[in-house]
Amino acid sequence: MRIARPVTVDEAVEALSAEPGAQLLAGGTDFCVEVNFGHRRPAAVVALRRVAELRERAVRGETVSLGAGVTYAELSGRIAEVVPALAAAARSVGSPQIRNAGTLGGNLATASPAGDTLPVLAALGAEVTLRGPAGERVLTVGELVTGVKQTSMRPGELITKIEVRRVRGAQQFLKVGTRNAMVIAIASAAVVLDRDRRELRCALGSVAPVPLRVARAEEMMSEAIDWERVEAPPGAAARFAELAAEASAPIGDHRASARYRRQAVRVICERAVNRCLRDAA
Amino acid sequence: MPPDSTSVPWPVAEGYQLSVDGRTRTVEGAWVGESLLYVLRERLGLPGAKNACEQGECGSCSVLLDGVVVCACCVLGADAAGAEVTTVEGLTATGSAKDIQEALVAGGGVQCGFCTPGFLAAITDLLARSPEADELEVREALSGNLCRCTGYGRILEAVSAVQAERRGAGVPGGLRAPGDEDGPR
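Line by line, the protein sequences are chains U and G.
All the letters of the first sequence, read from the start, carry residue numbers 748 to 1028 under my numbering.
All the letters of the second sequence, read from the start, carry residue numbers 217 to 401 under my numbering.
If a hint is listed, it holds; no wrong ones were tucked in.
Label-pair restraints from in silico Cβ distances:
id, chain 1, residue 1, chain 2, residue 2, range
1, G, ALA309, U, PRO902, 44 to 50 Å
2, G, PRO263, U, ARG788, 23 to 29 Å
3, G, GLY238, U, GLY824, 26 to 32 Å
4, G, LEU352, U, LYS896, 32 to 38 Å
5, U, PRO902, G, SER312, 45 to 51 Å
6, U, PRO902, G, ARG383, 55 to 61 Å
7, U, ARG787, G, GLY329, 28 to 34 Å
8, G, ALA309, U, ARG1006, 51 to 57 Å
9, G, GLY245, U, GLY768, 20 to 26 Å
10, U, ARG944, G, TYR368, 44 to 50 Å
11, G, GLU244, U, TYR1007, 47 to 53 Å
12, U, ARG915, G, CYS328, 49 to 55 Å
13, U, GLU966, G, SER312, 56 to 62 Å
14, G, ALA309, U, THR887, 48 to 54 Å
Below 25 Å or equal to it, Euclidean Cα-Cα: the simulated DMTMM-like pairs (lysine to aspartate or glutamate) are:
id, chain 1, residue 1, chain 2, residue 2
15, G, LYS314, G, GLU300
16, G, LYS314, G, GLU351
17, U, LYS896, U, GLU910
18, U, LYS896, G, GLU250
19, U, LYS896, U, GLU883
20, U, LYS896, G, GLU273
21, U, LYS896, G, GLU270
Taking beta-carbon pairs under 10 Å as the criterion, some of the chain U residues facing chain G (in silico):
id, residue
22, MET748
23, ILE750
24, GLY774
25, CYS779
26, PHE784
27, ARG787
28, ALA791
29, ARG838
30, ARG846
31, ALA848
32, ARG926
Treat the hints as calculated values from the structure; they're not laboratory data.
Small disclaimer: the values here were computed from a predicted structure and weren't measured.
Glycine included, every Cβ here is placed at the ideal spot set by N, Cα and C.
Taking the hints into account, I'd like the entire structure generated from these sequences.
Here is the structure:
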C-alpha cells in the first residue's frame, strides 16, 4: 500500500489518475476500520486531509458551500443557523472523536444507507460537485448515491464540495437508535418545509438502500398545508407519516426488524412535520 | 508502480516522520495501512493509548491530533505525518492533565484503569474547549468513551471537581475572561 498526500485538488486528481483503483481517504472513520479488520487492502491511498480547498466552508448570500473535507464537528455555529437539520444530523454522528475526524464528503462517498447527513442533503436538494480528469460535474444526492455503498462516482473522481440553499421555513432531522451517542440509525427522517416553493420535502435514512425521497407523501402534505398561515388540517401529519412509512422499504437485521423500522418512520415523520409547522408558524 | 514512474510522489514506503508529544519521531519499515494507534504502541513504544475495539466505538485509543480528540485507531499513521499528535504520555509528562488524573484517582473514577487514558484525552479536549461545560455538555463530550467499571458517575464528578478547582485557582486559560462568550480556542 502506498500513500499520496496531495495539498491541492488538482494534485489529488493527478494522484488518482496515476494509480487507478487508489482509495480516497478523508476522515478515516469508515476506511480505517475496514483496514483494521482486514476487509480492505488497497494498493494505494490518496489522503485528502491536507487539501485546504476541501476544508473551506462559507455562507455566501443564500447558499452554504461546504468543502467535502469539512468535518461533522465543523457543521456548527453559523452553518447550523442556516441549515439546522444538517447540523443536527452531523451532531448525531458517532462521538466527539468521530465528529472531529469524519467528513461530509466521506459520508456521501461511503454511501451507507445509514449515513446520517444523506437524507438531510437529499431533502435540502443539495448539489454535490465532483472533480475528475474530465473536469467538474454536479449531481444531486439521488444521482450520486445509487445503492448500498454504491455511487455513480467515476474512476479518478473525488467529491470537492456540497452546496445547499438556505430555505425559508423550517427543517428537522430525527433519528431513532438505542441511545443518543454512538448510534447507527435504525431509521432517520429529514423534513424541510420550504415556504418559498410551497412544498414540503422529506427523505428517509436507513429504511432503503439509498436515502429515500417520499414523493407521494410530500405531494399530499404540500397540498394539505395552508401556506399563508403555515398550518395543516388535523390528521394531515399522521396521513403524511403513513404514506412515508408505506414508501419505506426497510430490511430487518440485528439492529431492528423491518416492522419496527417502519413504525419508527411513522413516528418520526409525524413528529418532524409537526415540529416544522410549529417552528415556521 | 515504482515511485519514479509518476509525477506524484509516493513518499511513505521509505518511512515517514510523526510529531508526537513535541518530538519528531521517524517511522521506518511500516506498512501504510497501520493505524496511528498501532504505530504509537508497537513502533514508538507509547502504549498509553489502549487498543480495544479498533472501530472508533470505545474511545480507549483517544489522542489529540492537532489539538482535537480523535480515535487513533481511525487515523492512518502515515496520514498523521505533519500533524501534532499528543498522547496521554505527553499529557502526563507536561503535567497539563495532572489535576484531571488526581481528581479521577481521588474520586474513584479509576477502577481497572483501561479506559482512563482515553478519558484523560477527552476531558483535556473538553476543558480546553469549554472550561465551564455544564453536565449535559460533559456527558456529550465523554459519550464516545466507554467505561465498564465505574458507571460513569465518578468520572463525571471528577470533571466537576477539576472545573471547581481550576475556577478557584484561576488557572490561566482555564477560565473565560469576562465578556468573552466564546471562551478560549
